[in-house]
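With chain A fixed as given, assemble chain G onto it according to the hints.
Protein chains: 2
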Amino acid sequence: MEQRVSLVTLGVDDLGRARRFYEALGWTTGAAPDDDVVFFQAGGLVVGLWSRAALAEDSGIEDGGMEDGGVEDASGWGGIVLAHNVRSPAEVDAVLAEADAAGGTIVRTGAPTFWGGYSGLFRDPDGHAWEIAHNPSWALAEDGAVRLG
Amino acid sequence: MEQRVSLVTLGVDDLGRARRFYEALGWTTGAAPDDDVVFFQAGGLVVGLWSRAALAEDSGIEDGGMEDGGVEDASGWGGIVLAHNVRSPAEVDAVLAEADAAGGTIVRTGAPTFWGGYSGLFRDPDGHAWEIAHNPSWALAEDGAVRLG
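Quick mapping for you: the protein sequence lines, in order, are chains A and G.
So for the first sequence, the numbering used here puts the first residue at 1; every next one is plus one.
So for the second sequence, the numbering used here puts the first residue at 150; every next one is plus one.
Just so you know, these hints were derived from the structure itself, not from any lab.
C-beta: ideal position from N, C-alpha, C; glycine also.
You may find that some hints are simply not true.
[Said to hold, decoys possible] One-sided excerpt, in silico: chain G residues whose CB lies under 8 Å from chain A:
no.	residue
1	A167
2	W176
3	P182
4	L194
5	V196
6	E206
7	G225
8	A251
9	P274
[As the list claims (entries may be wrong)] Where chain A lies over chain G, by a calculated footprint (3+ residues, C-beta under 8 Å):
no.	segment
10	243-250
11	255-261
12	264-273
13	284-298
This is chain A alone, in the form it adopts within the complex (with noise of 0.2 Å):
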């Protein structure tokens, strides 16, 4: 697994309210206004806006959530997924087979994903989720940065 990050979604639970705070802080996005994710280009790597509840089901994490203003899951997830690109399924895999020989918890095996790419997802000994994923739409540089389209 090369050393870097390609992606940090933070989870929201009110996207436009999340989207106006990092707007209102200087921050632009290609999003249109009624996309469901926003990406914020942010250096070498991207910084993303996705609905909580949907970033929990996609990562396979079981999300107490804050809406009832209730007490949390024993899941220690905070709402943040990391992600790290890869340039082919098969680097998916083998990062994947990596992160379980290491100790991690394969949360999802690699497999095709909704949006045209491939990943899968693990979490590290501490419960941090990383993604793993090939986006054929996304250019990765030779360094490894991620630059949006």
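Same frame as chain A, now just chain G:
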């Protein structure tokens, strides 16, 4: 606030275990064996491993933690803090003022830190924590990339 991420700190319950996990994935660090923080250069940003309890305390977050296998608190925090490094203490204060005006919650106002820099911290509307930091020991490239010494 420029559109970039400088540091992703993963709070961990057992630093040795976490370090061994990332090293088993092939990651390398310049940290000494008994350092209590482990930094990995990860492209133009840094991934850090630090005691989850220390990270929570440093970040002004009340963390239910996972130690007793019990239920999480309602903070919604999963042990991750993002950091955005800037070029001066004054810029730390300016970004915190922007975050405050945009509807973020200022958890820690700008102040000198134990590690010799100056920082403050806000949480976005969904509770995601951002430390805004001036670290005189870390080079910040013109494009904002962070390079460990």
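Results of checking the hints against the structure:
1. A167: holds, 6 Å
2. W176: With a minimum Cβ separation of about 5 Å from chain A (threshold 8 Å), the hint on G/W176 holds.
3. P182: The hint is violated - G/P182 has no Cβ within 8 Å of chain A, the shortest such distance being about 18 Å.
4. L194: Nearest chain A Cβ about 6 Å off; hint holds.
5. V196: Given a least distance of 6 Å, the restraint on G/V196 holds.
6. E206: Hint violated; G/E206 Cβ to chain A Cβ min 16 Å, cut 8 Å.
7. G225: holds, 5 Å
8. A251: Hint on G/A251: holds, closest Cβ of chain A at ~4 Å, below 8 Å.
9. P274: holds, 5 Å
10. 243-250: holds (count 4)
11. 255-261: violated (count 0)
12. 264-273: This one is violated; 1 residues, fewer than the three required, reach chain A with a Cβ under 8 Å.
13. 284-298: holds (count 3)
Violated hints, in rising order: 3, 6, 11 and 12; the structure is consistent with all others.
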